[in-house]
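Residue numbers (this note's numbering), protein chains in the order written: chain D, 1 to 531; chain G, 1 to 390.
It should be emphasised that the hints constitute simulated quantities derived from the structure, not laboratory data. Among the hints, a few may not be true.
Unchecked claim - Pulled a few chain D residues facing chain G out of the computed Cβ check, cut under 8 angstroms:
(1) E16
(2) Y67
(3) N164
(4) W170
(5) M305
(6) L405
To be verified - Quick list of the computed label-pair ranges, beta carbon to beta carbon:
(7) G:G300 to D:N49: 35 to 45 angstroms
(8) G:N150 to D:G342: 42 to 52 angstroms
(9) D:R198 to G:Q266: 27 to 37 angstroms
(10) G:N118 to D:T383: 55 to 65 angstroms
(11) D:T492 to G:D240: 33 to 43 angstroms
(12) G:D260 to D:A206: 31 to 41 angstroms
(13) G:T134 to D:N276: 35 to 45 angstroms
From the three backbone atoms N, C-alpha and C, an ideal C-beta is built for every residue, glycine too.
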Amino acid sequence: MTRTVVIDPVTRIEGELSLELNVDEASGTVASAKATGTLFRGFENIVLNRDPRDAAPILSAICGVCYCDHHVASVRAVEHAAGMTSYSSDYSTEQTSIPANAVLARNVVNGADWAYSHMVHILALAGPDYHLYGLIDALKPAYSLSGYADLLRQFIIPAQQYMNQAITLWGGKTPHPRATVPGGNPVRPTADVIEQTRIKVALARALTDIIIPVVWNYLTANAAQLGALGHGPGNFLSMGAFSDPTTSSGTDNMPLLIPRGVITYPGTTPAPFDPNKITENTSLSWYDQPPSQAVIGEQTPVPNMSSSPAYTWTKAPMYDGKVCETGPLAREYVSGIYPRLGRIIHGATSEVTVLPYSPNGSAFDRMTVEAVELLALVGSANTTPNLQFLGQPLNMSPVDVLRGLGLPQSGLLEGWLDGMQVGQPSYTSSYRNPGNAEGIGLWEAPRGSLLHWIRIGNSKVTDYQVLAPTTWNASPGGPLETSLVGTPVGQTGTNDDFRPAAYVVRSFNLCMACAIHAVDARGNDRYMRVG
Amino acid sequence: MGAELTRRDFLKLCALLGVGAVVTLYSSEIKRVVGQVAEQSGGKIHLIWLNLASDTGCTISMLQASNPDLIEAVEKLGISADFWKAIMTPDYDLGWVTAGYTQEDLSQVPLFNAALGNAPVDVLVVEGAPQIGTPQGSSQGYFCTTGKYNGSPVTGYDLLQKLAAKATYVVAVGQCSSFGGIPAASGNLTGAVSVRDALKNASVSTKHPIINIPGCPANPDWTLVTLATVLQGIDPDLDDQGRPKAFFTSYIHDNCPRRDAYNRGQMAKTFDDPVGCFWDLGCKGPITQSSCPVTRWNGGTGVCTLAGPMCWGCMHPSFPDPPTSEFFTQVQDTPTILGVNVDEVGEVAIAGTAGILAVHAIRRSIGKKEGEQEREKAAPPSEPPSEAKQ
């Protein structure tokens, strides 16, 4: 005996998502789930026949949350097409002719964009599900908080504003700083703008140093419960971000701070990433096109809602025929940072032997990694050893965590500022529109892997594909649907019945607007279908 | 900051200086004026924030508001955001409440209660473009649905019609709802249009003129000041595009931080020029009406012509189509003879423009092709009406 519960619209996520849960009454758990993206805008079609440089300022508006990331991914695709940037044959390093300062400025802008997005997601979007991690009670004695509005006013709103102001120093405004153009990031790194950025980071750090330990202790105290929720397919994908031009090779051979790679269940070590292995399946999506195409070279979408059994605008991307999860958990699993965190914690308590807590990922893993990424970006001056795990003291502070992970105490954002050469250019005007060329822009948005692919003919856009993080995660048969299966549903008839499902859904930091513009998978190779 | 502002003075100042300047100069007074509105309203103001074809960027923009900030505004205006999908608090958390709702019990579903039931709607804010097209194999408006009612998805277009007819004020926040924006750009497949055109198409009339606050995104300080104004029961002075004149009368080029360079004829040749004017590189400041350079963004931190690197025309009715694009191509047609609309700009702004005009005229004459001077002398080409986007 099952009953169907429709949650539509799902709130406190970006965009339009409808969820259909089939609840098995006997076991009181979700037997199967259907995630439907209910808004189609068709961005790829809109950029056709335009100047290739015009794609980025339009495509940044795919997402009003991770605007910097779509923008830079498009610019990188155009620079790749123009021969200014190239990838090594295994996609592990990059070479570019734009100045090192420009690479670092893009790291600062997008790093700040990750930090603000993580703050908003952890605190304002997912936070209410977790009773705000007990932040109000924890902070009340020192900051006289009377409720959520006070928490928003004193901590959440200012913290994310400082990060947006840091972006504004390099990009003019947010949302949608359209500053990065083919050739670099034109604001020259003067001592003044660098110092102003440092101040914004320090102001944000003062707030995150108060918030992060409380969030950490709440999540880890509930690791057992949250770790049992939201198990995905166990395949993890990272397309890499933050190339480093400060090694002895300069911009000729830049390693990536967030490496590219794919972990395939039940393995735990990443294999090299190859964009040519990505396909998009549309057999359950409202499009008129071959059921499976390689994303590189895929046709622009033709919407058609009559094709049964399709039920969503989201396509189903696959890597080498496999459904993959993407996001902070995926990339920090691939980077090795998150497993390293597990070893640090294991050294301080016997409670956990390995992270990810679940090899398939879980609500706990996704939220915790995001908090750690925020810590890594902004840095910490907090040396109070109050961090816990499963309620047990670890005798570790946020600074200890950063040291243990081999990350700079002052944070990655300040590290990139440190690497800038003051007064040197951050832009080259050598870019010219290519006549006929193709380019790939690989990047990581706050919520996961992002690919932009452009084909240019007669110096105009003739084909374009965007493959966004939530397209992977909220696809038909994808990680979100898989993760919901087995989630307990209460019988009280109140909102609390669906709180575990809320943990699972919001742990993905979904962005439906990103997900749908368009995406594919191997038709014969039926992906992991649930229910 | 001078003597205390009364509410009446505040509005007078907005009209005289432009709200952008007032926001910059009188932030603390604005907060107080906003408080007065709340006292007057004597209760909760019911606001529905409806997302259509959008990217939620205008909601994120609201989080960047500084004068006052969003929480202050919501509290002081006594706003009850009955539905604001992206950031609603748990008390109004429709999604999870919906899970248990029955079709008879509309009161459990704030959005439907407002659109189809008896709940009051004082202000309808629309973020995103209504899509009036029909997907193949489906019905009109099905490119965007929000929620299910009686088992069927409800289209955004339908919700807009119901809510707009009922609301006291309809405010289109952002480029997509004001003018169609990027979803309505050339090449789109979904029939995205502005709120104004969608309601015209559906023959739905509103109680007050639709207020458009264009921009990608809308400037949050202007949005809050506009809400504060309408909640005082005062219709802001709108231009023929439905924009509050206070923010959208002057051209960005008029007040640009790089304007001095332009006056000297110092034109940037590359985007990393820290001083020069970006006109030749494609800046859309000369054709885009907005107070961006005065209010600036993110608490006054920046503006596109300082670090963006240039104006992209994101508040121009045609954005992102011509004449705002090609973005990297120099604008030729200017709305007024020399980028300065003499009739609209107040005396204060005019001071010193005599020199500007002369320098500009010289610069524009150099290397000019035959016929271009004629075009400049001709009457200003009016900006395309929003209907042109259909």
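- Message: Of the numbered hints stated earlier in the document, which are not met by this structure?
- Response: Result: hints 6, 11 break, sorted rising.
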